[in-house]
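Here is what each chain is made of, one letter per residue.
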Amino acid sequence: MDRKNIKKWLKEHGKMSHKYSLWVIYFCTGCGIIEIPPVITSRWDAERFGVIPVATPRQANLFLITGYVSVKTLKAIIRTYEQMPDPKFTVGFGSCPINGGMYWDSYNTIKHLDKYIPVDGWIAGCMPRPEAIFIAVTHLWTLIDKDMATGYIKYREKYKYYRANQEKVLSELEWPPLYPINDNEEIK
Amino acid sequence: MNNSLKREIESMFSDIQVIIPEDTRILITARKEQLLIILKFLKEKGYNHLALISCIDWEEERQFEMVYILTSYLQKNNEVTGDERLHVIVKLRIPRESAEFITVIPVFENAEPYEREIHELFGINFEGHPRLTPLFLEREYKIPPFRKDFDTRKYVKEIFDNIPFIPEKK
Chain F
1 MDRKNIKKWL KEHGKMSHKY SLWVIYFCTG CGIIEIPPVI TSRWDAERFG
51 VIPVATPRQA NLFLITGYVS VKTLKAIIRT YEQMPDPKFT VGFGSCPING
101 GMYWDSYNTI KHLDKYIPVD GWIAGCMPRP EAIFIAVTHL WTLIDKDMAT
151 GYIKYREKYK YYRANQEKVL SELEWPPLYP INDNEEIK
Chain U
189 MNNSLKREIE SMFSDIQVII PEDTRILITA RKEQLLIILK FLKEKGYNHL
239 ALISCIDWEE ERQFEMVYIL TSYLQKNNEV TGDERLHVIV KLRIPRESAE
289 FITVIPVFEN AEPYEREIHE LFGINFEGHP RLTPLFLERE YKIPPFRKDF
339 DTRKYVKEIF DNIPFIPEKK
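Order-wise, the sequence lines are chains F and U.
Going left to right, the first sequence walks through residues 1 to 188 as the working numbering numbers them.
Going left to right, the second sequence walks through residues 189 to 358 as the working numbering numbers them.
Keep in mind the hints are simulated off the structure, nothing from the lab.
It cannot be assumed that every hint is accurate.
[To be verified] Simulated crosslink set (SDA-like; lysine to any residue; CA at most 25 Å straight-line): (1) F:Lys168 - U:Ile204; (2) U:Lys342 - F:His112; (3) F:Lys168 - U:Ala299; (4) F:Lys72 - U:Glu346; (5) F:Lys115 - U:Ile351; (6) U:Lys342 - F:Lys154; (7) U:Lys231 - U:Thr259; (8) F:Lys72 - U:Phe310; (9) F:Lys75 - U:Ile204; (10) F:Lys8 - F:Asn165; (11) F:Lys75 - U:Asp211; (12) U:Lys330 - F:Gln166; (13) U:Lys345 - F:Ile34; (14) U:Lys342 - F:Val71; (15) F:Lys115 - F:Lys154; (16) U:Lys345 - F:Lys146; (17) F:Lys160 - U:Arg304; (18) F:Lys72 - U:Lys279; (19) F:Lys75 - U:Leu215; (20) F:Lys15 - F:His139; (21) F:Lys115 - U:Asn350; (22) U:Lys345 - F:Asn165; (23) U:Lys336 - F:Arg48; (24) F:Lys160 - U:Glu346; (25) U:Lys330 - F:Arg48; (26) F:Lys72 - U:Ile204; (27) U:Lys279 - U:Arg327; (28) F:Lys154 - U:Pro355; (29) U:Lys330 - F:Asn165; (30) F:Lys72 - U:Glu328; (31) U:Lys342 - F:Ala164; (32) F:Lys72 - F:Ile34; (33) F:Lys15 - F:Arg48; (34) U:Lys345 - F:Met148; (35) F:Lys75 - U:Ala299; (36) F:Lys72 - U:Leu320.
[What the hints assert, rightly or not] Calculated Cβ distances over 12 Å to all of chain F for the following chain U residues: (37) Arg213; (38) Ile282; (39) Leu325; (40) Arg327.
Cβ coordinates follow ideal geometry from the N, Cα and C atoms, glycine included.
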């Protein structure tokens, strides 16, 4: 919080509001959720960074995916992600969403989460310490400042590819496409 | 207590094996037709808690082994609870080619999710089960994934590694 930045804040107040009020929905998929209670309670106190857990995805703009993602969970993750209002940011927590981690040869675990929903940042480690979440949050601030956390725009633009990948893994999706799909461009 | 129970079960059928591997365990090896009678008898004896149904795939012997573990919560028939509680294990084998079995829901109602799980992961059909619908898995597998001849690495290569990455913005 530097006084010199006041001018900049006033100029880009929208960005500043997004940055300092990252309301987070935790997706308790795996063992990573064990790191969340100390983060949001008084020991590490995530509210210093404006990170508050919220009840529903419709109030959230940061999506923290903690732990491995099974095929059934992926369905719920996509639903949750599509319900969040723009702008929304996703952070994968732990090594399992990155490339499968220790579940690299499992028959029912998703290996690369960014094939199905856009991910703005990763926190590597098994498990990462709670401090890593705050490092990720401060990195995300930088990315928002530089207009680099644009996963939600990418999701809209490349929705056809995401939807195709989602349909490959989940044999039947119960909801219609979120965005209209242009069939002019060939899917590789 | 163990020995009297052992004698009682042995007297029921001629071709039944009862072993006491530990002080708190009784291991019964039976045939498919005897299962319901044994479970009913044990339930009346006070072993009214079906703790687990499990399945083992013996691929080389071409057999599935079903394991039923029973125990009792209540103090009954001078039975001691706690650490010295007696566990009754019933084991039986069925051929692997025709994976057909009977349900034990008439005796223990809580067998339903266990049998659904085994049906899903091992592909064993339980005759008389009211709904053998998928429980955990979202996809359909040609070979049920917990069978020994299911090659997970090959499956991962074929399915998950073939999904393309999203192209970057130009």
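Each hint, compared with the structure:
Under the criterion of a C-alpha separation no larger than 25 Å, the hint pairing Lys168 of chain F with Ile204 of chain U is inconsistent with the structure, at around 50 Å. A C-alpha spacing of about 17 Å is found between Lys342 of chain U and His112 of chain F, which places the hinted pair at or below 25 Å, so the restraint holds. A distance of roughly 34 Å separates the Cα atoms of Lys168 of chain F and Ala299 of chain U; the hinted pair therefore is violated under the 25 Å criterion. Taking the CA atoms of Lys72 of chain F and Glu346 of chain U, the gap is about 19 Å. The hint holds against a cut of 25 Å.
The hinted pair formed by Lys115 of chain F and Ile351 of chain U meets the criterion: a straight-line CA distance of about 8 Å does not exceed 25 Å. Annotation: proposed proximity of Lys342 of chain U to Lys154 of chain F is violated, straight-line Cα distance about 32 Å (limit 25 Å). A C-alpha spacing of about 9 Å is found between Lys231 of chain U and Thr259 of chain U, which places the hinted pair at or below 25 Å, so the restraint holds. This hinted pair checks out: Lys72 of chain F and Phe310 of chain U have alpha carbons roughly 19 Å apart, not beyond 25 Å.
Taken as a hint, the Lys75 of chain F and Ile204 of chain U pair is broken in the structure, with Cα atoms around 48 Å apart against an allowance of 25 Å. As the CA atoms of Lys8 of chain F and Asn165 of chain F are separated by approximately 40 Å, the hinted pair breaks the 25 Å bound. Simply put, Lys75 of chain F and Asp211 of chain U have alpha-carbon atoms about 48 Å apart, too far for the 25 Å limit, and the pair is violated. Pair hint Lys330 of chain U plus Gln166 of chain F holds up; C-alpha atoms about 20 Å apart against a cutoff of 25 Å.
Between Lys345 of chain U and Ile34 of chain F, the direct Cα distance comes to roughly 31 Å. Violation of the 25 Å bound is thereby established for this hinted pair. About 17 Å separates the Cα atoms of Lys342 of chain U and Val71 of chain F, which keeps this hinted pair within 25 Å; it holds. Distance restraint check for Lys115 of chain F and Lys154 of chain F: the Cα-Cα separation of roughly 12 Å lies within the 25 Å cut-off, and the hinted pair is therefore satisfied. About 38 Å separates the Cα atoms of Lys345 of chain U and Lys146 of chain F, which puts this hinted pair outside 25 Å; it is violated.
A hinted pair counts as satisfied when its Cα atoms are at most 25 Å apart, and Lys160 of chain F with Arg304 of chain U does not qualify at roughly 36 Å. Taking the CA atoms of Lys72 of chain F and Lys279 of chain U, the gap is near 33 Å; set against the 25 Å cutoff, the hint is violated. With a C-alpha separation of about 43 Å, the suggested pairing of Lys75 of chain F with Leu215 of chain U is violated against the 25 Å cut-off. With a CA separation close to 14 Å, the supplied pair Lys15 of chain F and His139 of chain F stays within the 25 Å bound.
Distance check on the hinted pair: Lys115 of chain F and Asn350 of chain U sit about 11 Å apart at the alpha-carbon level, within 25 Å; holds. For the hint linking Lys345 of chain U to Asn165 of chain F, the alpha-carbon distance of about 15 Å falls within 25 Å, and the restraint holds. Of the supplied pair hints, the one linking Lys336 of chain U and Arg48 of chain F is violated, its CA atoms being roughly 51 Å apart against a limit of 25 Å. Proposed proximity of Lys160 of chain F and Glu346 of chain U is supported: the alpha carbons are some 22 Å apart, at most 25 Å.
Pair hint Lys330 of chain U plus Arg48 of chain F does not hold up; C-alpha atoms about 51 Å apart against a cutoff of 25 Å. For the given pair, Lys72 of chain F sits about 43 Å from Ile204 of chain U by alpha-carbon distance, which is inconsistent with the 25 Å threshold. The hinted pair formed by Lys279 of chain U and Arg327 of chain U fails the criterion: a straight-line CA distance of about 31 Å is larger than 25 Å. Under the criterion of a C-alpha separation no larger than 25 Å, the hint pairing Lys154 of chain F with Pro355 of chain U is consistent with the structure, at around 10 Å.
Simply put, Lys330 of chain U and Asn165 of chain F have alpha-carbon atoms about 21 Å apart, close enough for the 25 Å limit, and the pair holds. Our distance criterion of 25 Å between C-alpha atoms is met by Lys72 of chain F and Glu328 of chain U, whose separation comes to about 12 Å. With a C-alpha separation of about 22 Å, the suggested pair Lys342 of chain U and Ala164 of chain F falls inside the 25 Å cut-off, and the hint holds. Only pairs whose Cα atoms come within 25 Å are accepted, and Lys72 of chain F paired with Ile34 of chain F is accepted, the gap being roughly 21 Å.
For the proposed pair Lys15 of chain F and Arg48 of chain F, the alpha carbon gap of about 18 Å is at most 25 Å, so the pair holds. The hinted pair formed by Lys345 of chain U and Met148 of chain F fails the criterion: a straight-line CA distance of about 32 Å is larger than 25 Å. A threshold of 25 Å between alpha carbons decides the hint, and for Lys75 of chain F with Ala299 of chain U the separation of about 28 Å lies outside it, so the pair is violated. For the suggested pair Lys72 of chain F and Leu320 of chain U, the alpha carbons sit about 18 Å apart, so the restraint of at most 25 Å is met.
For Arg213 of chain U, the requirement that its beta carbon stay farther than 12 Å from each beta carbon of chain F is met, with the minimum near 32 Å. No beta-carbon of chain F comes within 12 Å of the beta-carbon of Ile282 of chain U; the shortest separation is about 24 Å. Once the 12 Å rule is applied to beta carbons, Leu325 of chain U is inconsistent with being away from chain F; the minimum gap is 7 Å. Residue placement check: Arg327 of chain U does not keep its beta carbon more than 12 Å from all beta carbons of chain F (closest about 6 Å).
Checked against the numbered hints above, the structure breaks hints 1, 3, 6, 9, 10, 11, 13, 16, 17, 18, 19, 23, 25, 26, 27, 34, 35, 39 and 40 and satisfies the rest.
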